[in-house]
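Student: From first to last, the protein sequence lines are chains R and U. Just add 541 to the spot in the first sequence (first one is 1) and you have the working numbering. Just add 541 to the spot in the second sequence (first one is 1) and you have the working numbering.
What the hints contain is simulated information worked out from the structure, not anything from laboratory work. It is possible that part of the hints are untrue.
Copies of the same chain look alike in the list, so a pair counts if it fits in one copy or across any two.
[Said to hold, decoys possible] Here are the simulated BS3-like pairs of lysine-lysine, each with C-alpha atoms no more than 30 Å apart in a straight line:
1) Lys580 to Lys608
2) Lys615 to Lys779
3) Lys676 to Lys852
4) Lys584 to Lys730
5) Lys556 to Lys632
6) Lys854 to Lys706
7) Lys632 to Lys649
8) Lys775 to Lys706
9) Lys775 to Lys729
10) Lys619 to Lys796
11) Lys779 to Lys676
12) Lys580 to Lys854
13) Lys661 to Lys632
14) Lys802 to Lys549
15) Lys856 to Lys556
16) Lys661 to Lys729
17) Lys854 to Lys767
18) Lys615 to Lys709
19) Lys649 to Lys661
20) Lys615 to Lys852
21) Lys822 to Lys584
Source: prediction; values computed, not measured.
Number of protein chains: 2
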Amino acid sequence: MSFTNNTKEVLRLLKDAEGYISGERVARGLNISRAAVWKQVCKLRKEGFCIDAQPRLGYRMVIPPDKLIPMEIKDGLKTSFVGQEIFYYPKTESTNLIAKNMAMDGSKEGTVVTAEEQTKGRGRLDRNWLSPAYKNILMSIIFRPEVQPSQVFSLTMLTSLAVVKAIKTITTLNALIKWPNDIYIGSKKIGGILTEFSAEQDRVNFVIVGVGLNVNFDPSIYTEIKDTATSLSKALGKEISRVELLRSILEEIEKGYNLFKEGRVTQIRNEWDTHSLIAGKIVRITSFGITEEGVAESVDEDGCLILLDYKGKRKRIFSGDVSLKMMAS
Amino acid sequence: MSFTNNTKEVLRLLKDAEGYISGERVARGLNISRAAVWKQVCKLRKEGFCIDAQPRLGYRMVIPPDKLIPMEIKDGLKTSFVGQEIFYYPKTESTNLIAKNMAMDGSKEGTVVTAEEQTKGRGRLDRNWLSPAYKNILMSIIFRPEVQPSQVFSLTMLTSLAVVKAIKTITTLNALIKWPNDIYIGSKKIGGILTEFSAEQDRVNFVIVGVGLNVNFDPSIYTEIKDTATSLSKALGKEISRVELLRSILEEIEKGYNLFKEGRVTQIRNEWDTHSLIAGKIVRITSFGITEEGVAESVDEDGCLILLDYKGKRKRIFSGDVSLKMMAS
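Same shape as in the complex, but just chain R (with noise of 0.2 Å):
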């Protein structure tokens, strides 16, 4: 959908008012009708805005807006296709689900899907994501490389560094990457990346990226997370923007993208490389049942983790989980 300067004008008085405004005020602050101004009012409303209208006092906008509503997240987002078109769901299964759908109905690249609340959202391997409505960034983006699948993770890569260099800008804080998806502050987990994708043997469809992140959220309030999970509020000390974090992401991962295109894949992986957790640390890690212990010394261009093992022995590993034998002092 595309708004009218009227529409973002009547979106501006009503945040900058302290409490109600009346419609006869943003009527002739605009050189507008007063009819014209409930129609704005009620375009902004089936945007996500809750906006209360009383008799006599006029409007007011109810909820500070750090909502994930594309009209937020698009003003003032510098990118050239990453995020122009934005899908806001108050609640819906997966974001990866409806960009899944979309990207198969033919949705153009870039395309983002953002909800405040999944109902099956999910991590690698069918795990469960945890998430309250409106504390964190659930979003998904439409890809469309042409590419083989086994360079898919070129853009799982990419986006992690996205996230990571858009927590830095915003909250100055370190984040770091684990391989292969998850996104860490100290030993905690804040976020991950599910990247999925539709291919033939030698070409790639479209790619599905979703990152879940942990912004102004408490884990303490899930048993199952509470001594592994963190937040960028929990560790910052206090909320932050999501709409402005993740209009940084979208500029960052647009960033990211343009150098994978321009096939600078190993600035990607080094710049990937210098943010892990587990680069160059001794790691255990369980993959198809099998655990293993060494050196993590890098991913290749295929996502595979190199281990030294014990032995002096390198080994590509494909997918696993990992744990930190110590964690950095």
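Given chain R, work out where chain U should sit, using these hints.
Tutor: Quick look at chain U alone, frame taken from chain R:
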């Protein structure tokens, strides 16, 4: 849909009759009412059979039922899961597309989609796939193997192999496989496999394997393919039963898939090699705009062609179009 014995018996009587058979005779034969016979005829018509009904004369099967009707295919099908569910479309966009949508909605492994005609039939890399109605085999199968994306090529392999074996059984013709996904008789193409899949980084959600096979079709009707394509009827000099051939293909696919699930990929690959059109031959391969020449040695487990070039170097070719430098004598 499942069918009662009555439906099957009515079908049998109609097929066996020379010309018309009266409703009364059918009713007496099965010890059911004439109204019940009429009900079964309606069921059969809905299933795709053309049955003429005339006052005083009775019923008559109009065309020999070599349509790819599920009831016909399942009659005598010796499989435990492949083709236990078959969905039949006289005309559809593409069986792979239907199967993909079904798989997204949770359809189970072994589900088959067949069509008589496709409006958007295609081969690898979106190339057009021509097939006139009611002449060929167009079908797709849903698989849900617990494997990584790099292992998907084995499904293309085992399906190619199943097609070649079924052709041998039903027609005694020796078809060969041309890497990566075509079926040939002599120097002409008679079919192709189109494998598509949905995956995460380290596991496959589902795989759709599509088969397009020229059976009772005269390729000279299409100028685009008249010099490069053939069909089984052309090679054999007579038409064959598509239903019988499809049944045999489904049975061979199930056997191959069971081997695959037991981890016997090497066995599949070895068998595939013995049916390869290009193994040991000098070939020219065009892949992503680059042309290479050499001897096609074998295929590795990821589906890459191992090419021995003129300098004695081995190369893994991921994807490409192959032409034989000289035809085998």
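Student: Look at each hint and say if it fits the structure.
Tutor: Structure-based check of all given hints:
no. : hint             : verdict
1   : Lys580 to Lys608 : within (21 Å within a copy, 58 Å between copies)
2   : Lys615 to Lys779 : within (24 Å within a copy, 65 Å between copies)
3   : Lys676 to Lys852 : neither (47 Å within a copy, 62 Å between copies)
4   : Lys584 to Lys730 : neither (38 Å within a copy, 58 Å between copies)
5   : Lys556 to Lys632 : within (24 Å within a copy, 55 Å between copies)
6   : Lys854 to Lys706 : neither (34 Å within a copy, 43 Å between copies)
7   : Lys632 to Lys649 : both (23 Å within a copy, 28 Å between copies)
8   : Lys775 to Lys706 : within (18 Å within a copy, 63 Å between copies)
9   : Lys775 to Lys729 : within (11 Å within a copy, 67 Å between copies)
10  : Lys619 to Lys796 : within (10 Å within a copy, 55 Å between copies)
11  : Lys779 to Lys676 : within (13 Å within a copy, 69 Å between copies)
12  : Lys580 to Lys854 : neither (69 Å within a copy, 72 Å between copies)
13  : Lys661 to Lys632 : within (10 Å within a copy, 35 Å between copies)
14  : Lys802 to Lys549 : neither (34 Å within a copy, 58 Å between copies)
15  : Lys856 to Lys556 : neither (56 Å within a copy, 63 Å between copies)
16  : Lys661 to Lys729 : within (23 Å within a copy, 49 Å between copies)
17  : Lys854 to Lys767 : neither (37 Å within a copy, 56 Å between copies)
18  : Lys615 to Lys709 : within (21 Å within a copy, 61 Å between copies)
19  : Lys649 to Lys661 : both (24 Å within a copy, 20 Å between copies)
20  : Lys615 to Lys852 : neither (53 Å within a copy, 56 Å between copies)
21  : Lys822 to Lys584 : neither (53 Å within a copy, 68 Å between copies)
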